[in-house]
Structures are given as structure tokens and as C-alpha cells.
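Going line by line, the protein sequences match chains X and E.
Residue numbers for the first sequence follow the working numbering, so the first one is 1 and each next one is one higher.
Residue numbers for the second sequence follow the working numbering, so the first one is 1 and each next one is one higher.
Read the hints as simulated data drawn from the structure, not as lab findings.
Accuracy of the hints is not assured; some may be wrong.
Stated by the list, open to error - When the alpha-carbon atoms are kept at most 27 Å apart in a straight line, the in silico DSS-like pairs for lysine-lysine are as follows: (1) Lys104/E <-> Lys193/E; (2) Lys80/X <-> Lys155/E; (3) Lys51/X <-> Lys308/E; (4) Lys77/X <-> Lys140/E; (5) Lys51/X <-> Lys316/E; (6) Lys140/E <-> Lys70/X.
To be verified - So the derived label-pair ranges between C-beta atoms look like this: (7) Val56/X <-> Leu111/E: 24 to 34 Å; (8) Thr312/E <-> Lys70/X: 29 to 39 Å; (9) Pro158/E <-> Ile59/X: 17 to 27 Å; (10) Lys70/X <-> Val151/E: 32 to 42 Å; (11) Ile129/E <-> Lys70/X: 36 to 46 Å; (12) Val76/X <-> Glu234/E: 55 to 65 Å; (13) Ile59/X <-> Arg69/E: 25 to 35 Å.
Stated by the list, open to error - Calculated from the model, a selection of chain X residues having no Cβ within reach of chain E, i.e. all distances over 10 Å: (14) Ile72; (15) Val81; (16) Lys89; (17) Ser91; (18) Asp106; (19) Pro143; (20) Ala181.
Cβ coordinates follow ideal geometry from the N, Cα and C atoms, glycine included.
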Amino acid sequence: MAQTGNFKSPARLGTLGGSAEVSSSGAVSGGKPRESGLKGVDFERRSFLHKVVGGVGAIVAASTLYPVVKFIIPPVKEVKVVNELKAGKASEIPDGSGKIYQFNEDKVIVVNKAGALTAVSAVCTHLGCLVHWDNGVGQFLCPCHGAKYKLTGEIISGPQPKPLKLYKAKIDGDTIVITKA
Amino acid sequence: MAENTQNPAAGSAPAKPKPPAPAAAKPAAPAAAKPAAPAAAKPAAPAAAKPAAKAESSTSGVYKPPVERPAANPYKESKVGVVGEWLQERFYVVTPIIDYLKKKEVPKHRLSFWYYFGGLGLFFFMIQIVTGLLLLQYYKPTEAEAFASFVFIQKTIPFGWLIRQVHAWSANLMIMMLFIHMFSTFFMKSYRKPRELMWVSGFILLALSLGFGFTGYLLPWNELAFFATQVGTEVPKVAPGGAFMVDILRGGPEVSGETLTRMFSLHVVLLPGLVLLFLSAHLTLVQILGTSTPIGYKEAGLVKGYDKFFPTFLAKDGIGWMIGFALLIYLAVMFPWGLGAKADALASAPNGIKPEWYFWAQFQLLKDFKFEGGELVAIILFTIGAVAWLLVPFFDRQASNEKKSPVFTIFGLLVLAFLLINTYRVYAEYGW
């Protein structure tokens, strides 16, 4: 264990290449003799002071650290939860393709198959990449690890644990409106 | 087998350590000799085993001359903790350096109060690093977002206002401490031999810190920042090659988003790198060369004693830091800096525009030299003054010989008076 208090330091080597008195040329050793160690120190008062100073120091450190920690934690962006969202124009999604919109906390992909709109969550349930609609094979594909989903969001194959959440999408006039299922 | 042996004449027969005399002394009793020999051989065997083995190896192996090697770890017996022991086993070469450093002492005399200001400058610089890093988590250094992120930090992020105020105030306190440190070391002639390079590195550090202040000032991208930078970067144009320099600094002919990017890169990357380099050099020199005592104090018996640097003086330094910290928080909370209005390149410069206080002396000089070509004269004078100030340790022969040098004290007083008077004149005319 590390010793505290009185201890004999290891035999000091001569200092590197000479004495330590390089502070001024022609120096004269002056002043009082060096303090003679720890004689005459009241150890009880000393340890009490240690505790007091340590305690005050801990309080100062904690009260300094608290604002820093609060500062670093990023503020939560309030997302207003809506039941339906006017996502965009119907012309934005040509036949056989899909487009992704932000809906509340989720990202929803709206697919146009011969005029009929289907909306599912675009976030692959495996590790969060966004899927795309492959009209050739008629599947949602996730490029990250090969997950495949049906148009209805059900799992075909791949490492994902859950299907894609279903939403509802309809055309109102020429606007696409997304609602919860 | 027998090559390179210390005893080349010996055959392959092992030399018997005990002379065969006692065995030979009983030649008539071979029976007696037999048990005697084995009996003699037995106690002799263990004793003989070693020297026999030695003799054996010396006759049948490679000869290794005896070599004196120093102990592998000369500090094996010293008492340190578990970690200390682990380090010592591997890095014992460094132990003498650490022992030397442990010897550092700080003299106590009536002027040793001034010894705290260098450390206080360091303390406020460390605060700048921490608060700067924190602000960097949210600040966006583009013309479009700088002011918005600046406001966002102070209005939305918890304690963002506090971090910003501390950063702004600590910058000022740091520069104030550095000026006090510079002048106190000047008047105590601490720059004399052997500490000339401490003065040089210190002066470079002061220049870099003023650079920090100047580059950081633009980052809020409010009106104050914009125009202060515009005025400040206008000045070097009169010097030869100045227009080119200003172009590089501003990222173009005007202060713009390009200027913001360049100032940001200086403030966050280049200047911190340079300061850390020179600061390491400066602090290493302080540890190696120790603290200087004013000329003649030791001889006159004015030194009341010595504090060990580790841990005593550091602890006293810590008290100074706590007081400085309290002052900083008080200023940050009670005298907050405003948000200002977003910078507009097409707005007229506001009335009473002036740089930050540590540039006021130069500002006033430039205003005084209103005559034709006055700006260039002012710049030249300032440059010559700075170079002369930098080279003082090499000119002050008296001090290097441990003699009082009143000429340089007067020079220092004149410089200090010039700075104080001109700074005050700006205050008198403009207020804060």
C-alpha cells in the first residue's frame, strides 16, 4: 500500500549532471534552513482539515459537474403526434415506386401499385436501415442485410425479427394523406 | 569439450577438492581406505558437487569471465504503491528525473505573491478548453447557422447560458492574468539567465492567446463580432504585403462566411495546437529551471524559506485557483454578455465600435496617429516595440550578471504606463 505521512524517500541520486542550484549564477544559500520534516504537526487537526477541505472540494466538484452533464445530454426534440398527415402530392409517387415520408416518430414508405397506395413503416426491424420497394420482384428489400418483406409488411426472409408496421394511405384530391392503421 | 577452459592442463578427470593425502595416508588398509574414501566422499560429495560441477563446467564448457553488472532495478527497495512499483520496474531510467523534479522549491519572500499569476493563467486556459469543447457540441460554424446556434445554446440547452458566459469571461480573465504574469516576471527580472527561453516562449504564448481572443470574438456572428473583426482586420492593410495577408485572413476582400470558417479553424485547431506545444515547453522549463528569486534577495537574507513545489506550493496554487473560479462564476452570473443582433454585412457600423479591452492601447495609438501615413507608423512602432520587448533578456546584461538593472525597470514602467494610460483613454471616451 502506498505510504502516507512520514516515509523515507529512496536514496536520492546526485541530480542530473550537478546540483539543483542553477537558478542564479553565484547563488548564495540563504534564508531559513529547509523545513525539518513533519515534526510538531498536529496530526488530528491535520486530518480534520483534510476531511473538511476534501468535503468542500467534493461539493464544489459536484456542483461544477452537474451543469456540465446537463449541458451535454442533448435536449429532446418534441414531436407533435398527429393522427393524419398530408404527406405530399400524388404525382410524387409514380406507378411501381415508393417514397418515404416522416410521420410522427416513424418513417413511412408509400408505394403506388397501379393506383393503389400501400403504406408501411420504412424502418427495417433488423437494425434500422430504410427499405425500398423493388417493383420487379414485388417486395420491400433492405440493402443492409438482405431482409425481404411483402407489400403488406410481412416477413419473407432475412434476419429481421418483426414485420413492418402497417399504415393507411389514401389520395384526397391530389394530396397523399397518411393515417395510422 | 575442453576448449576455452580456464584450466587447459586439466584432463577430463574431475579435480578432487580434498587432497588424496588422508586416503593415501592409509595405503596399507585398502578396506579401511574403501569405507574411508566413500565416507570421505559422502560429506565431501555435496561440498564437492558444487565445486566439482564448477570445475567440471570450467573444464568442459565455454569460459565466461566474471562480469560486474549493476542491479537491474536500483530502486527495488524503495517504498511506493502497487502502481508505482509496476511503473518503476519498467521505467526506472526515468526515476532520477522524477527525483530531481521532486526537489523543486519555491522561495518565500515579500514578492512571492506574484508567483501565482502564471498558474492562474493556466487555470483559466483549462477552463477555456473545457467550456470551448462543450460549446463545440452545439455551435454551427456557418454564416447561416452561427448566430442561430449561438442563441439556441443560451436559450434552449440547460445551463448553456452559463457555459457561454464562463467561456467569455474566462477569456478576459486569462488574458488579464497573463499580462500581470508578464509584467511581474519582467520587474522581478525572472527573464535573466538561465531563463531567457521562458520569457520568449511566454511572449509567444501571450501573442497566441491574443489570437485566441481575436478569432473567438467573431464566432457568435453578431453585430459586435462582425464589426470588431472588420475593423481589426482592416488595420494590417497599410503595411507592405498587408493587403495579401488580410485577404488570407478574411478568406476574401470582405468579412464574410469565409472569414467565419477561417477564424473557426484557427480558434479550434491551429491555435490550440500551437499553444499546447509552447505551453509544454514553457512548463517544462519552469520545472527544470525552477522559480527565480529576485536579484540580491538571497544575499540580503530576504528569503524567508522555501516551499516544496509538490505538494505544498501546488496546494497554495489551488487556493488561488478556487478564488479565481469563484470570481469567474460571480462575473459570469452577475455581468452576463448580451446576445446582440445577427450580423448584417450591409448594416452600417454601430456607433462607438471598438475592440476588446486588451487591444485598446493599440486602438488608441492608431487613433492618435491620424496624420498621413500615421497608421503605418503606428504599426511599425508597435512591431519594433514588441520585438524589443521579446529580446529584453538578451539585452539586459546587468540582470544576467545578477546585478540590478534600473534602466530596464524604467523601460518596463514606461511600457506599462503607455498601455495603462492608452487603455484608460479608450475607456474614458467610450465607456465599456
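Status of each hint after checking the structure:
Taking the CA atoms of Lys104/E and Lys193/E, the gap is about 18 Å. The hint holds against a cut of 27 Å. With a C-alpha separation of about 21 Å, the suggested pair Lys80/X and Lys155/E falls inside the 27 Å cut-off, and the hint holds. With a C-alpha separation of about 22 Å, the suggested pair Lys51/X and Lys308/E falls inside the 27 Å cut-off, and the hint holds. Between Lys77/X and Lys140/E the CA atoms are separated by roughly 18 Å; this keeps the pair inside 27 Å, and the hint holds.
Taken as a hint, the Lys51/X and Lys316/E pair is honoured in the structure, with Cα atoms around 17 Å apart against an allowance of 27 Å. For the proposed pair Lys140/E and Lys70/X, the alpha carbon gap of about 20 Å is at most 27 Å, so the pair holds. Under the hint 24 to 34 Å, the C-beta atoms of Val56/X and Leu111/E, about 30 Å apart, fit the expected range. Between Thr312/E and Lys70/X the beta carbons are some 36 Å apart, a value that agrees with the proposed interval 29 to 39 Å.
Under the hint 17 to 27 Å, the C-beta atoms of Pro158/E and Ile59/X, about 20 Å apart, fit the expected range. The hint said 32 to 42 Å for the Cβ distance between Lys70/X and Val151/E, and at roughly 19 Å that hint is violated. For Ile129/E and Lys70/X, the Cβ-Cβ distance of about 20 Å falls outside the hinted range of 36 to 46 Å, so the restraint is violated. Checking the proposed 55 to 65 Å range against Val76/X and Glu234/E shows it is violated: the Cβ atoms sit about 45 Å from each other.
Our hint of 25 to 35 Å for Ile59/X and Arg69/E is violated, since their Cβ atoms are close to 55 Å apart. Not every C-beta of chain E lies more than 10 Å from that of Ile72/X, the closest at about 7 Å, which undercuts listing it as non-interface. Val81/X, annotated as away from the interface, keeps every beta carbon of chain E farther than 10 Å; the closest lies near 21 Å. With a least beta-carbon separation of about 28 Å from chain E, Lys89/X lies farther than 10 Å from that chain, consistent with its non-interface assignment.
Listed as outside the interface, Ser91/X is consistent with that label: its C-beta sits roughly 31 Å from the nearest C-beta of chain E, beyond the 10 Å cut-off. For Asp106/X, the shortest C-beta to C-beta distance to chain E comes to about 25 Å, beyond the 10 Å cut-off, and the non-interface label holds. With a closest Cβ-Cβ approach of about 31 Å to chain E, Pro143/X is found to remain outside the 10 Å limit, as its non-interface label requires. Non-interface status of Ala181/X relative to chain E is upheld: no Cβ of that chain comes within 10 Å, the nearest being about 35 Å off.
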